[in-house]
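Student: With these hints in hand, go ahead and build the complete structure from the sequences.
Number of protein chains: 2
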Amino acid sequence: MISFLKRFLIGRPLKSTELGEQKLNKKKALAILSSDALSSVAYGPEQILIVLVTIGAAAFWYSIPIAIGVLVLLTALILSYRQIIFAYSHGGGAYVVSKENLGKYPGLIAGGSLLVDYILTVAVSISAGADAITSAFPSLHEHKVVIAIVFVILITILNLRGVTESASVLAYPVYLFVLALFILIGTGLYNILTGNVPAELHTSLGTPVAGISLFLLLRAFSSGSSALTGVEAISNAIPNFKSPEASNAAKTLIAMGALLAVMFSGIVVLAYYYGIAPRADVTVVSQIAEQTFGRNAMYFFIQGTTALILILAANTGYSAFPLLAVNLAKDKFIPRMFTMRGDRLGYSNGIIILGVLSMVLIYVFEGKTEQLIPLYAVGVFIPFTLSQTGMMVKWLREKPAGWMQKFIINTVGALISFIVTMMFFLTKFTQVWPVFVFLPILLLVFHRIHKHYEAVADQLRITTCEETIKIEGNVIIVPVAGITHVVMNSLEYAKSLNPQQIIAVYVPFEREEEAIFEEKWRKWQPDIRLVTLYTPYRSIVQPLTKFIDTINWKAAELNHRVTVIIPQFIPKKGWHNILHNQSSLLIRARLLFRSDVIVTTVPYHLKK
Amino acid sequence: MISFLKRFLIGRPLKSTELGEQKLNKKKALAILSSDALSSVAYGPEQILIVLVTIGAAAFWYSIPIAIGVLVLLTALILSYRQIIFAYSHGGGAYVVSKENLGKYPGLIAGGSLLVDYILTVAVSISAGADAITSAFPSLHEHKVVIAIVFVILITILNLRGVTESASVLAYPVYLFVLALFILIGTGLYNILTGNVPAELHTSLGTPVAGISLFLLLRAFSSGSSALTGVEAISNAIPNFKSPEASNAAKTLIAMGALLAVMFSGIVVLAYYYGIAPRADVTVVSQIAEQTFGRNAMYFFIQGTTALILILAANTGYSAFPLLAVNLAKDKFIPRMFTMRGDRLGYSNGIIILGVLSMVLIYVFEGKTEQLIPLYAVGVFIPFTLSQTGMMVKWLREKPAGWMQKFIINTVGALISFIVTMMFFLTKFTQVWPVFVFLPILLLVFHRIHKHYEAVADQLRITTCEETIKIEGNVIIVPVAGITHVVMNSLEYAKSLNPQQIIAVYVPFEREEEAIFEEKWRKWQPDIRLVTLYTPYRSIVQPLTKFIDTINWKAAELNHRVTVIIPQFIPKKGWHNILHNQSSLLIRARLLFRSDVIVTTVPYHLKK
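Chains A and B, in that order, are what the protein sequence lines are.
According to our numbering, the first sequence is numbered sequentially starting from 1.
According to our numbering, the second sequence is numbered sequentially starting from 609.
Any given hint could turn out to be false.
As the list claims (entries may be wrong) - Distance windows between CB atoms, simulated:
| no. | chain 1 | residue 1 | chain 2 | residue 2 | range |
| --- | --- | --- | --- | --- | --- |
| 1 | A | Asn-577 | B | Asn-1185 | 50 to 58 Å |
| 2 | B | Arg-944 | A | Pro-434 | 44 to 52 Å |
| 3 | B | Val-754 | A | Arg-279 | 32 to 40 Å |
| 4 | A | Glu-472 | B | Asp-1135 | 14 to 22 Å |
| 5 | A | Val-360 | B | Asn-1185 | 20 to 28 Å |
| 6 | B | Phe-1037 | A | Arg-538 | 43 to 51 Å |
| 7 | A | Tyr-537 | B | Gly-711 | 35 to 43 Å |
| 8 | B | Thr-795 | A | Arg-538 | 45 to 53 Å |
| 9 | A | Lys-554 | B | Gly-711 | 55 to 63 Å |
| 10 | B | Ser-1191 | A | Ala-556 | 51 to 59 Å |
What the hints contain is simulated information worked out from the structure, not anything from laboratory work.
Cβ atoms here follow ideal geometry from the backbone N, Cα and C, with glycine treated the same way.
Tutor: Now the structure itself:
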């Protein structure tokens, strides 16, 4: 039943050799990996205006120089990540770059930040998408959390089906969104150039504004740079590309950067010319669209594709999180299960964990995850800074041909990223303080896991081990619950192993029972020694394990091993199990975890 | 940790021989077993008025004759159950009586109804108690479900601690409630007799009322008889009494009946004289108390003890449900686990199941379980009818001295109970229809479980079995994951058993890996045969079990048994388990449940 449902939702299992077929061409990769970055256009420009509006509408012209700053940062990031793609074509992004050039802990800080960040990506993007839908259809508002969670489940299933298939599904909305924004920006610019937009709507560039400060401008700049979240996704996902991986990934990165630059500048310019002020109930993009087209089909097309791409932006998290998890797991910092490919060759465990955690975030914040945006942005800029600093170190150390130019690019990127990160801490501390709590905890967990894996490897390694002591003989203990077929079956098996000794153990709860059973046993199995262990506490686990421990201790002296044979009858139908007491499971767990006796289960299958 | 918590909440384990000390004396038994019946006074009279008010206030005088009818029914029930206590002093109540005299299925109908009913008792009583509290403190209203669930948890813990201790806790509130109502009724009657209550408040007895019908009166009567739920509790719990059990139980029953009769009549009479009409927001008892005392300390004392006893009424369910479950489980109709006494000698499984199911009911109905009252009442009157019919049959069959009188008592009881049951079906079908759905399902489940237990007993019985075929030899299969200490340990054990054959099995996921491992193995363990099973599907369970099935099939021909030795390393700390994949568990489960190979687990304890 469960297995049928799994087949239906996820599809048939794929062979490992089918992996190549799952790889991405450039067009699909652009769709699957850039929805996060591109969707940021829907809220990035607005973040700038939200800061500037605290001074007044007169300050709006500052959005133009600030946008230029963001574009410079974007250019620096794109160029820097392009260099990373070629230098680290096996993928890994900020984690690998920081680890290899700066050391283990900077690497783990970058990796940990990103790991948490992808969960935030999913929660924030899906919630924002659900917001967009419920804004369009207010009657759905009270079901917002349910809608968001359904979307997370759908995207999780799509990703469990496999990368290529989800890419096919996701390609259209992303390209439709790009198309919609290009039409909007084109029409808007045409209107401005043909003089259809009244000049009094905006203050001209350079107008002096009272109360403006460098602090405020930097704050607006850092807010606006939240539009750049998601640009690192491609460098993490290089192994997902068709070969030549690095070259394809680099081209895709440039294409994404160009699209993002055009769309971001377009929205900022239109907002400035239209003199749009941020409003709580209507987004800036929506205001621009309404002023350009009115509330017609085109308006709804733009709003619809925006909502869709916000939901799909979550998919970037689904592509990047499992791959980063694999890198961390291979280095033994998180559980090994993240390295295993599922039936459809995706890293199922990473996909499922990401889905579950983001649903928890959505549920806990009741879908109001907007307040997580600064935390999300700072979680992106920490690894940006680290990876670019790492690249600086790399060029300085290796000094390849033309390294000076590369070094300068990364230095500029690192500096701007660092400033943005600092701006977040200085201007938005109340929202980003959890970084200082969760990052140390995460680092501690990474450390503990790593230590454990190293210790296990040490203990298992055959070369380092003392000589095994040969086992001289075996003692077999058979707990019996009565004189039945099941017990007989187990005794026959015990005899066939020819051990040094067989002991049957019976635990009576009443004194009278004890004598009666001993009598019966003597008649039935006179050759096998029976030990009875009376207990007044109605639990057989305690006296039995105590007895076994004693025997085991004596046997160890003779270099004998103790095997406990547990007769277990297996009912014909699963539900029958609740009708029988499961003390055999308890005994087995207790013995295996607390002592070193061997536990053998002899099944007795019921036929009806 | 869990075990510490358990000790703290439940107390130290008790010996079976300490059972006697846990038994109840009459005073405690009255408190523990009658809270359900006595608390019914809080809503029974009101139910009558709710029906009469549909005709008008003039019809209220009919509550007096109806109450007399209820008192007759109560007397019949008490006398009848007194006879049951002496006839069936080992306990069991309606289930045992119906089963022994009417046959298996009537017995199961009675048992099934009561089983469900005790769950309803807990849910309804606790919800009503929480209602009373939140009525007193309206600010708590939004937390009603949480409050109710906390109470269920507390009562569950009290009961897991053991019967006597919970009785000590519960005795005071019950007696305080009785005291409170006696003061109320006494003061009220004094006011009436001294002429302090104006006569115009009530219409005099016998006033003709337009629109009254026999149907309506019977409906009011059946509603009022919901005050009698709970009177069967004592007869189910006879084994809990100190000896002489039957005599003590009978005395307790009479005392309870007398208290119930006085309190019920008192409330009905006061309500009639005060001319009280049922209101949605204030209970009838509260109205009487307010009119008698005003809103002073005495009023809050009455309201407080009423709330408390409603919550404690749930405790009756906790005393009766596990004992009924034991009876059903001994007859093999429900899982055997209900017959086991816990650490504190209570039937823990029954207590826990009851707690969980009633919490589910409270959660699903959001604490508004009042609508379950008719269903609850009908679930009580079905077994009332069956058990008294059973007693009729018993007297007719056995004809002991003075049987005629006993027969008449039970016949009257059976007839009235039957009429009440029918009235519920006729007048409140929309609320009691679930009986017709759940009772058949429950009977089917009882039947299926019984059939299974019978089948198992048949198969296990040693006398009926064919001669066991002697095992001629053993084949041992060791799945190996690498060349490690854990594997070596398992191989040494396999060798010590001197089987006919040892086969090591390795499942590589890649072709290259296969050859490399075979080469290594040949150098390491040249004497042990290695089989490699390449798979492209990244799961070792499938190919491994297929291989084992094949070997098992061949071995069966030679009368050899196949043992699979699973090496398992046990980490030092519990949380380490999530860091390792649990395929050994999967393999074990698959092998045991689907084939008849023997599975041996060889533990390898990690030291760090």
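Student: Mind listing which of the numbered hints don't hold for this structure, in increasing order?
Tutor: 1, 10
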